[in-house]
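Colleague: Here the protein sequences line up with chains A and B, keeping their order. For the first sequence, the working numbering assigns the number -19 to the initial residue and increments by one for each residue that follows. For the second sequence, the working numbering assigns the number 202 to the initial residue and increments by one for each residue that follows.
It is worth saying that the hints were derived from the structure and are not from the lab.
Derived DMTMM-like pairs (lysine to aspartate or glutamate); straight-line CA-CA distance at most 20 Å:
#1 Lys270/A <-> Glu537/B
#2 Lys416/B <-> Glu432/B
#3 Lys270/A <-> Glu429/B
#4 Lys517/B <-> Glu192/A
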Amino acid sequence: MILFAFLAQTLRIAIPYLFAASGGVVSERSGLVALGLEGYMLGGAFCGAIASYYSGNPWIGLLGAVAGGVAIALLYAVAAIRFRADQVVVGIAINLLIIGATRFFLRLFFHSSANSPRVSGFGDERVGSGLVALAGNPLIWLGVLAVAGVAWMLYRTPFGLRLRATGEHPAAAVSVGIPVDRVRYLAAALSGGLAALGGAYLSLDQHQFSAEMTAGRGFIALAATIFGRWDPFRAALACLLFAAAETLQIQLQGTQVVPSQFVEMIPFALTIVALAGVVGRAVPPAALGKVAE
Amino acid sequence: MKRQLQEAVLPAIVALLIAAIVGDVLILAFGQSPGTVYRLLLEGTWGNAYGFGQVLYKTTTLTFTGLAVALGLRAGLFNVGAESQLAAGGFVAALVGLMLPAGLPAIVTLPVYLLAAAIGGGVVGAVPGALRARFGAHEVITTIMLNYIVLALLNYLVAAHLKVEGTLHTQDIQAGALARLSDFVPAFHGSAANVVLFLALAVAAALWWFLFRTKQGYEIRATGLQPEAAEYGGVKVGAVWWKVMALSGAIAGVGGLNFVLGYKHYYEDAFASGAGFVGIAVAIVGRNHPVGVVLAALLFATMSQGGLAVNAVVPKQIVDVLQAVVIIAVAASVPEVRRVLRRGGNR
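With the rest of the complex left out, here is chain A (with noise of 0.2 Å):
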């Protein structure tokens, strides 16, 4: 019984790595880096709350956060594609800009500066806490087929195969009539939607949304991204691994075996420990972070 409340509370945590793990690969396979996963889940976490708050369905819900996450990352890829500007600092300024941009109009909606009101989400709260609430909450199952669905299309059609070579060597790609610079903007749109999704996921799970709720899962997502080295099973490994991490924490605490601080740092740890190759070294797709000439 403790192992299954492990286990959900462990799946609990991943799904919103898992979508946005899965747009970071998305994105950073095609040649754009990904550092504004934070700003898209917070963003969708955002818009889902308002769409859902307005129409009292969270499937609106759902919708809002897709159409607000990708509106956030063609932003992005506008000014990373179009105007060719550098692609770390934009991604910056992405996630600051979400943080202030979701606060002000938190003030202008419903003038509080830290929450909205409650909105309509997913699940039962009657049911608890336990795999059958889970299991009745529509986004675990749409978080595991956003992983199969990415690794699917990554792999298995010919966009898939675009998308990469356009992260390889653009160059190339543009040589066999690849259209290099829409499929990295279809890459920013579909990896915002993802990870959106993520955001709303805890906005419509908590039936709230509250300022700078995903306190840097974005960023987690992110070292997930690396750390299973660009590739969307590994991905979601990696986030199911740093989600355990968390749990065994939460379950952990007050016994103070490890302090909370150290558990937090591991997924940071092992992202630099892969990317210094220690065990086998992580090797970002070749044109990451490349303007396409």
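Starting from the structure of chain A, add chain B where the hints point.
Modeller: This is chain B only, laid out in the frame that chain A set:
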């Protein structure tokens, strides 16, 4: 030369215009008049001595983090870790300060504090530099990851070992508090501006001299422009990378003195509160030139203090939005401006 200056300044002007338009829209959406809000913003920052003192205080920290990022970019390295380097510098300085006896003269303590802060930030900066030079691990990712690791570690050390009960800060440091500007100009009374401001300006001047007037500075800039060519020309690029990252971290770390020694006289958890990230914006808008960095730091400090001045009328987060708009607009218009100017030049 004239075109260089145009290339450097035009993107910032374009960005400010775009930010003003976005700001107008947001202010109107909130049902306020842009004229009123902008006037409030100016009055609360440059319009009175206290507000201006606060601007100078914020300018000080942002100058350090901006210079740190700019130095990295000159070597082709993107230091996203100024946030944790700033915190680590302030932390080590405070740690040393807690051990120093009260009453030591500033001539003794100041060099000690400088060294401590530089070491604190420098070590945090050197790690990603060495990882890049030795393993090719990209510094953007490693500095971001190190931010989380270092800030969590400092949070643990303060929360578990060093805090005064009921707070998240250390005990007061007895030795070597620095003079506030209000000690010389009473009108600044109440503002946190202090003499670390002059240290920031001195570091900016020294960095200019170092980058543009010394052999090492030339090697750094050559590495940034074209590492392969620099290596071919006899520059040890790997060594430049880790040394630049160490120096960059040290500069950000010394910025911690502004809060720890100039303002509060203790280390407080999370005191950096985004100044390291805004330092990236400062470096980008200042076009990685020490003079530009100081001016950009003044601009961003004005915006951030201005947010507090207008908060009663529109949410202060409007300023965060506008800062982000400025960053995106500058980043997007730099290549565009260069293209247009160069095409014009060839005609």
